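Asker: Chains as they are written, first to last, in numbering that gives the first Met the number 0: chain H, 0 to 291; chain S, 0 to 123.
There could be a bad hint or two in this list.
When the alpha-carbon atoms are kept at most 27 Å apart in a straight line, the in silico BS3-like pairs for lysine-lysine are as follows [as the list claims (entries may be wrong)]:
1) H/K193 x S/K94
2) S/K94 x S/K117
3) S/K117 x S/K90
4) S/K117 x H/K193
5) S/K51 x S/K94
6) H/K270 x S/K38
7) H/K270 x S/K117
8) S/K6 x S/K38
Here are a few chain H residues that sit away from chain S, every Cβ distance over 10 Å (derived from the structure) [unchecked claim]:
9) Q200
10) A221
11) W272
Calculated from the structure, these hints are not laboratory results.
Since the structure is predicted, the reported quantities are computational estimates derived from the model, not experimental observations.
All residues carry an ideal CB built from backbone N, CA and C; glycine is no exception.
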Amino acid sequence: MTRLPRILYAVPQTLQVRLEIAKAIQKLFAPEQQRFSADAELAKIQRDQEEIAQIVRDAWRILGKAGFNPNEPRVPAGNPDGGQWTREGGSGGANDPRVLSDATPDNTWQPGAQYAANDPPGIGRSQGPPPPEIPPEQPTTKQAIYAFLTAAAYWLVEAALAGEPVGDFLLALQAAAWLSQYLPYIYAYLDPAKTLAELQQDALSPEVGYNIHHIVEQTSAAQDGFPQSMIDAPENLVRISTFVHWQINAWYSTRNDEFDGLSPRDYLRGKSWDERMRVGEYALILFGVLQP
Amino acid sequence: MTRSNVKTMTVNELVQRFVTIALDQDQALFNDEIATFNKLYGQMDAVRNELKSRPGDQRSALLPLYTHPNIQVRLKAALSTMEIAPEAARKVFRKIADSRRYPQAADALAAIWRLDGKPMVRLG
Numbered sequence: 000m001t002r003l004p005r006i007l008y009a010v011p012q013t014l015q016v017r018l019e020i021a022k023a024i025q026k027l028f029a030p031e032q033q034r035f036s037a038d039a040e041l042a043k044i045q046r047d048q049e050e051i052a053q054i055v056r057d058a059w060r061i062l063g064k065a066g067f068n069p070n071e072p073r074v075p076a077g078n079p080d081g082g083q084w085t086r087e088g089g090s091g092g093a094n095d096p097r098v099l100s101d102a103t104p105d106n107t108w109q110p111g112a113q114y115a116a117n118d119p120p121g122i123g124r125s126q127g128p129p130p131p132e133i134p135p136e137q138p139t140t141k142q143a144i145y146a147f148l149t150a151a152a153y154w155l156v157e158a159a160l161a162g163e164p165v166g167d168f169l170l171a172l173q174a175a176a177w178l179s180q181y182l183p184y185i186y187a188y189l190d191p192a193k194t195l196a197e198l199q200q201d202a203l204s205p206e207v208g209y210n211i212h213h214i215v216e217q218t219s220a221a222q223d224g225f226p227q228s229m230i231d232a233p234e235n236l237v238r239i240s241t242f243v244h245w246q247i248n249a250w251y252s253t254r255n256d257e258f259d260g261l262s263p264r265d266y267l268r269g270k271s272w273d274e275r276m277r278v279g280e281y282a283l284i285l286f287g288v289l290q291p
Numbered sequence: 000m001t002r003s004n005v006k007t008m009t010v011n012e013l014v015q016r017f018v019t020i021a022l023d024q025d026q027a028l029f030n031d032e033i034a035t036f037n038k039l040y041g042q043m044d045a046v047r048n049e050l051k052s053r054p055g056d057q058r059s060a061l062l063p064l065y066t067h068p069n070i071q072v073r074l075k076a077a078l079s080t081m082e083i084a085p086e087a088a089r090k091v092f093r094k095i096a097d098s099r100r101y102p103q104a105a106d107a108l109a110a111i112w113r114l115d116g117k118p119m120v121r122l123g
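If we strip away everything but chain H, and leave its shape as in the complex, we get (with noise of 0.2 Å):
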């Protein structure tokens, strides 16, 4: 099967979009995020909610496909990968799996053209299609699951961005008592940029969709022998979306142009604390999470 593409994209731009979608989640799923906070089997939920979050980031790498068109050719339903989106033909050239981010297919791509990918997805959209039908039930395989994840979550940022109302279809989704499981994920990455001191006191509060997230990355900074408590300490605790979270703890590993050719974690190997926290508190701006 030819690989799907990732990437994250298509956030609402707009502050009042945003906290105008934050608000109404926080609102519906407010139940549920008590009823897993008064569990017992802490640790079994822990495990659940990963399983669950490792579902809903591969249906959000799914949705990244620029140009993603909710209608284009899937494998028919009975297949084994029924409801995955497909390409025709195997890898390579105008197939190339590793033209992952964008519509256009490299060996069409002619320098000086102008390709739709480099637009954000969304932008001119005069009305829209209507939102994906909602099943009532949770499906049996998870490649169904992903396909509505991600048609959902697709319509719902298109919508948001065109400024078209989505406040009905929430009410839908929440109607659907299996999707609650899934959603707070997505929705806590739309959150909008926050204070460090908003996102300190966030931390004393976990939810889900959330981790907490050390700004001074934890392990190295127990190698180069920081003290747990300076590490554990609350100002060192954010609380930020389960995938920026990732993010960062991805950039932290790969070499980076900003630090001469290294990754942060090997440019931050015997560094101070102060620099630890500037690099930490950086990546936050940078992935959107903290206000600069």
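We have chain H already, so just place chain S on it with the hints.
Answerer: Quick look at chain S alone, frame taken from chain H:
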């Protein structure tokens, strides 16, 4: 790919190699294959250093990649040419940053700050 390989390549071949590496980087990021990405980072460094060393600084041959359909190719082309075409590169960075497609959007935002003379990271 060794440094001697890039020494024997034409400019066009180096540009094609640059594109191939960037697409492989995108794949590596997709698969969370960080070690692979970091190896590819070194390979791309060799290509752009070779282009820079050619008479007249042939990194300008990467400018057409600003309109490539793949976001990683566009990002890397702009990062590799921001010294010789800062304003054109800035436009590429701005579009990528505004797209909020991560991790490329993060790198693009960092590059804009560097062009503004306000890098968050001060090495050394």
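Asker: All hints, please: hold or fail.
Answerer: Against the structure, the hints come out as follows:
no.	hint	result
1	H/K193 x S/K94	holds (23 Å)
2	S/K94 x S/K117	holds (19 Å)
3	S/K117 x S/K90	holds (17 Å)
4	S/K117 x H/K193	holds (21 Å)
5	S/K51 x S/K94	holds (26 Å)
6	H/K270 x S/K38	holds (24 Å)
7	H/K270 x S/K117	holds (21 Å)
8	S/K6 x S/K38	holds (19 Å)
9	Q200	holds (24 Å)
10	A221	holds (20 Å)
11	W272	holds (16 Å)
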